[in-house]
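Work the whole structure out from these sequences, hints included.
Protein chains in written order, with the UniProt record's numbering: chain A, 1 to 343; chain B, 1 to 307; chain C, 1 to 298.
The set of hints was computed from the structure by calculation and includes no laboratory data.
A quick note: this is a predicted structure, and the numbers were derived from the prediction, not measured.
The reader is advised that the hints may include incorrect statements.
As the list claims (entries may be wrong) - Per the computed footprint, the stretches of chain B lying under chain C, defined by three or more beta-carbons under 8 Å from a beta-carbon of chain C, are: (1) 11-20; (2) 133-143; (3) 148-162; (4) 263-271; (5) 274-281.
Claimed, not checked - Below are the PhoX-like pairs computed for lysine-lysine, each with C-alpha atoms no more than 25 Å apart in a straight line: (6) LYS214(B) <-> LYS133(A); (7) LYS127(A) <-> LYS225(B); (8) LYS120(A) <-> LYS221(B); (9) LYS128(A) <-> LYS225(B); (10) LYS88(A) <-> LYS214(B); (11) LYS214(B) <-> LYS128(A); (12) LYS88(A) <-> LYS221(B); (13) LYS127(A) <-> LYS214(B); (14) LYS120(A) <-> LYS214(B); (15) LYS74(A) <-> LYS214(B); (16) LYS128(A) <-> LYS221(B); (17) LYS127(A) <-> LYS221(B); (18) LYS72(A) <-> LYS214(B); (19) LYS225(B) <-> LYS120(A).
Unchecked claim - Calculated from the model, a selection of chain B residues having no Cβ within reach of chain C, i.e. all distances over 12 Å: (20) PHE4; (21) PRO45; (22) GLU52; (23) ASP59; (24) PRO60; (25) PRO62; (26) ILE119; (27) VAL173; (28) ILE217; (29) LYS221.
Quick reminder that beta carbons are idealized off the backbone N, C-alpha and C, glycines included.
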Amino acid sequence: MSQESILQVKGLRTSFFVGGNEVKAVDGVTFDVPKGKTLGIVGESGSGKSISALSILQLIDSPGEIVDGEIKFKGENLLDYSAADMRKIRGNQISMIFQEPMTSLNPVYTIGQQIREALKIHRGLDKKDGTEKAVELLELVGIPSPRQRVTQYPFELSGGMRQRVMIAMALACNPELLIADEPTTALDVTIQAQILELIKELQEELDMSVVMITHDLGVVAETCDYVAVMYCGKVVEYADVNTLFKNPRHPYTVGLLNSLPRSDVDQEELIPIKGTVPAPHEMPDGCRFAPRCPFATDLCHSELPNLDDLGKGEQVRCWIYTDEWDGDPEVKVHEPEKRTSED
Amino acid sequence: MTVFIIRRLFQLIPVLIGVTILVFLMMHATPGNPAQLMAGENAPPETVELIEERLGLNDPLPVQYFDYVTGVIQGDLGTSMRYNTPVIDEVAPRFLVTIELAVYATILSIFLGLIAGIISAVRQYSVADVSIMIIALFGLSMPNFWLGLMLMQYFAVNLGWFPPTGWGSPGQVILPVITLGTAGAAIIARMTRSSMLEVISQDYIRTARAKGVKERIIVYKHALKNALIPVVTVIGLQFGALLAGAVLTEEVFAINGLGRLLVDSINNRDFPVVQACILIISVVFVVVNLLVDISYKFLNKRIDLND
Amino acid sequence: MTNNQVESNQTEEKVENPKVKSIKDFYRRLKKNKAALIGFYTIILMIVVSIIGPYFTPYDPTSTNLPDRFQGPSAEYWFGTDHMGRDIFSRIIHGMSMTLFVGFASVILGALVGIPIGIVSGYYGGRVDSIIMRFIDILLAFPGILLALAIVSILGGSLINVTIAVAIYAVPGFARIIRGSTLAAKKLEYVDAIRALGAGDRRIIFKHIMPNVLSPVIVNATLYIATAILTAAGLSFLGMGVQPPDPEWGAMLNDGRGYMNDAVHITFFPGLFIVIVVLAFNIFGDGLRDALDPKMKK
Numbered sequence: 001m002s003q004e005s006i007l008q009v010k011g012l013r014t015s016f017f018v019g020g021n022e023v024k025a026v027d028g029v030t031f032d033v034p035k036g037k038t039l040g041i042v043g044e045s046g047s048g049k050s051i052s053a054l055s056i057l058q059l060i061d062s063p064g065e066i067v068d069g070e071i072k073f074k075g076e077n078l079l080d081y082s083a084a085d086m087r088k089i090r091g092n093q094i095s096m097i098f099q100e101p102m103t104s105l106n107p108v109y110t111i112g113q114q115i116r117e118a119l120k121i122h123r124g125l126d127k128k129d130g131t132e133k134a135v136e137l138l139e140l141v142g143i144p145s146p147r148q149r150v151t152q153y154p155f156e157l158s159g160g161m162r163q164r165v166m167i168a169m170a171l172a173c174n175p176e177l178l179i180a181d182e183p184t185t186a187l188d189v190t191i192q193a194q195i196l197e198l199i200k201e202l203q204e205e206l207d208m209s210v211v212m213i214t215h216d217l218g219v220v221a222e223t224c225d226y227v228a229v230m231y232c233g234k235v236v237e238y239a240d241v242n243t244l245f246k247n248p249r250h251p252y253t254v255g256l257l258n259s260l261p262r263s264d265v266d267q268e269e270l271i272p273i274k275g276t277v278p279a280p281h282e283m284p285d286g287c288r289f290a291p292r293c294p295f296a297t298d299l300c301h302s303e304l305p306n307l308d309d310l311g312k313g314e315q316v317r318c319w320i321y322t323d324e325w326d327g328d329p330e331v332k333v334h335e336p337e338k339r340t341s342e343d
Numbered sequence: 001m002t003v004f005i006i007r008r009l010f011q012l013i014p015v016l017i018g019v020t021i022l023v024f025l026m027m028h029a030t031p032g033n034p035a036q037l038m039a040g041e042n043a044p045p046e047t048v049e050l051i052e053e054r055l056g057l058n059d060p061l062p063v064q065y066f067d068y069v070t071g072v073i074q075g076d077l078g079t080s081m082r083y084n085t086p087v088i089d090e091v092a093p094r095f096l097v098t099i100e101l102a103v104y105a106t107i108l109s110i111f112l113g114l115i116a117g118i119i120s121a122v123r124q125y126s127v128a129d130v131s132i133m134i135i136a137l138f139g140l141s142m143p144n145f146w147l148g149l150m151l152m153q154y155f156a157v158n159l160g161w162f163p164p165t166g167w168g169s170p171g172q173v174i175l176p177v178i179t180l181g182t183a184g185a186a187i188i189a190r191m192t193r194s195s196m197l198e199v200i201s202q203d204y205i206r207t208a209r210a211k212g213v214k215e216r217i218i219v220y221k222h223a224l225k226n227a228l229i230p231v232v233t234v235i236g237l238q239f240g241a242l243l244a245g246a247v248l249t250e251e252v253f254a255i256n257g258l259g260r261l262l263v264d265s266i267n268n269r270d271f272p273v274v275q276a277c278i279l280i281i282s283v284v285f286v287v288v289n290l291l292v293d294i295s296y297k298f299l300n301k302r303i304d305l306n307d
Numbered sequence: 001m002t003n004n005q006v007e008s009n010q011t012e013e014k015v016e017n018p019k020v021k022s023i024k025d026f027y028r029r030l031k032k033n034k035a036a037l038i039g040f041y042t043i044i045l046m047i048v049v050s051i052i053g054p055y056f057t058p059y060d061p062t063s064t065n066l067p068d069r070f071q072g073p074s075a076e077y078w079f080g081t082d083h084m085g086r087d088i089f090s091r092i093i094h095g096m097s098m099t100l101f102v103g104f105a106s107v108i109l110g111a112l113v114g115i116p117i118g119i120v121s122g123y124y125g126g127r128v129d130s131i132i133m134r135f136i137d138i139l140l141a142f143p144g145i146l147l148a149l150a151i152v153s154i155l156g157g158s159l160i161n162v163t164i165a166v167a168i169y170a171v172p173g174f175a176r177i178i179r180g181s182t183l184a185a186k187k188l189e190y191v192d193a194i195r196a197l198g199a200g201d202r203r204i205i206f207k208h209i210m211p212n213v214l215s216p217v218i219v220n221a222t223l224y225i226a227t228a229i230l231t232a233a234g235l236s237f238l239g240m241g242v243q244p245p246d247p248e249w250g251a252m253l254n255d256g257r258g259y260m261n262d263a264v265h266i267t268f269f270p271g272l273f274i275v276i277v278v279l280a281f282n283i284f285g286d287g288l289r290d291a292l293d294p295k296m297k298k
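As structure tokens, this is what we get:
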């Protein structure tokens, strides 16, 4: 990585221990978040993207546990921090917003009380100063008549407004890194765009880095600078957003792009990825994607490929791009299927 | 909020009317002629007729009911057949004793129940949790009169720590309150635990953690206030159960409360007193539930107050 | 919702239909809960004992033997003797059937009345519902043992009267719970679909609503049995229930009260058995609730 990274995750493994079995939700995840940029983490349900995000702030609840890895924030491994030190990071230097604005705010406290809480913990602001700052923050996230809003309870606000409140809360202490876990999934389409736009604006204004967790490649295209594609608890491809859309490497990424309606290229039809994500207890031995991959060979089924550096900041976890590849050499230079490229 | 309280007060009226009708009919459903009972078995028919006339027993039922309710509203609960005194004089001092007993027992059960429930939830599946839940299950399954007898025998008679019977001195209060409060504490502990566990897995608790809030504050500020909402309802119901359970506790510890008066009056077939006791206990229960409803709304901001 | 396989599996389990599909399915779910299984076997054991036990007891439960009164527990009298020299163990075994009878009969009676009331109230709604619910509210205004006490004071004390009193006490509870479940079941989309297909009220109630309210009925019935047994024992303890010399446990406790200084065992053992029986039903009921419907926590 040529740029300075604010967050480096290396070999992160988070597992859930259910009934004596280990379910590897995040299985050796590695990615970098360049300073001031947005990293998108994309994947289907169950890919471990949300668990990766929660792991960064160590918000994993029992029976989940971070088993191994390194989470370096500005060069320091957060996993070495004590619980008390970790609390000083949360909501202060690293903030997080969640998918469900309807349930993510405490129903029995006012908006103002909830925003003030972070300010009190990390900045020692009293009620009066805290309220002033809360009003300021609500204004910043585009909530009309913020002075009235601070005394209202969450049930008095719409979903979009609540997500704005969540963002205001997250921004209270000027975090250097914002983790947004599917921030727009639960919202109406029109509101989605507004919220994404807001996050983007605030990022530039406040010079934040952002980790955007999403299953939606459209969101990635709109907001991200870099993308990590996750599948079954592993990163399968990492690249900058232009490279990923123009020249996807991993067959899974190709599949995702093919199943996405696009306006920039002609598509004859949308092609869904065949099969389903394997259940955690029947994980294949080799490449996790092999059972669904159109190019899979015996090698793919038997051995797991590494996440290899292809240069220029591109990484891919696929046998096709290694010297050991025993299948059709043509697929190495493949482009998204059925794609009549013009660029 | 005021509108809500007034509305709820109005909703109380049909329930109170229903309760008085039931209590009134109860007396009429009892076998035997009350006038005969009052006059004594061997009284001449003229005396019985005179009493019937005085009590208005020959009037049509609705008229009798109307007279009864008018009396009740004016504080006239009738005349005790046994003592020939106004029922209100019999009932009032006893009522205060029972209320005292029930209030102390409620406080004890809330205090113990909440603490035990919170510890259980916060340390789910720990030794403490399992022990608390087993004790609670026993507390729930024990007849309070048996518990009372055993406590009395051991702590009052064998060890001599407390006076075995009566009411008034601090020493006399302890055993009856424990006896009466145990089941309530068990129920509140179980309810608090399950409510806390449900709340702790909510999204907003994760939000609080993501803000850097301390675990202790998450439990007592963010979780508890939400978890208390269903517990409050249980506390209200428990108060009623305690009022009724006081009948047994008072019997065990020979406390001259309303419950003991009720039992004695049933045995003596002193129906005006029976009627009054039942009426008072249910009215207090209904009113307490109203108060609980109001505090429930106060706690639960999600509910529209005008609803 | 976090997109994680583990959690989504858990949610799937939660939305699993709580309907009892078959006895076998029910047993399979119950087996997962060890405590509930112990409760279940204890109840079965008690039923068996209450039926065949009386033929095997060492003494007649009501025959007095004054020379042997106030004997402590011994090889001869396992739980000792009471103030009349009667064997307490024999009396407890004979009393078991009474305790279980009051528990089961009153709850079945209460359910038979309460369930139709709840279903009618929930299904038809409107004015019928509000009238029924007002009436239920009035009955619920008499807390705990009070309603049963009032009824017994009118009817007089006997096993049957206690059963009736406790049954009436159980009616409003059942009606309320069933009304709630009926309302929930009525809202299910498939009920609308069936109605659109031309099914009548009776068919909908019996084929589609009933199976959905069955789980809460079973769970609450089990827990009510525990309460019913406690209430009945309380009435007998007050001298308003089963009358001596019948070996009802609450009445036995009452008998022993006067002799606590010399013979605690007269009150201790009947009380202990009340605890065991009630505990068994409570544990079983808790387990049933977890097995049948993880969402129904209250």
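Which hint numbers does the structure go against, in order from smallest to largest?
Result: no hint breaks.
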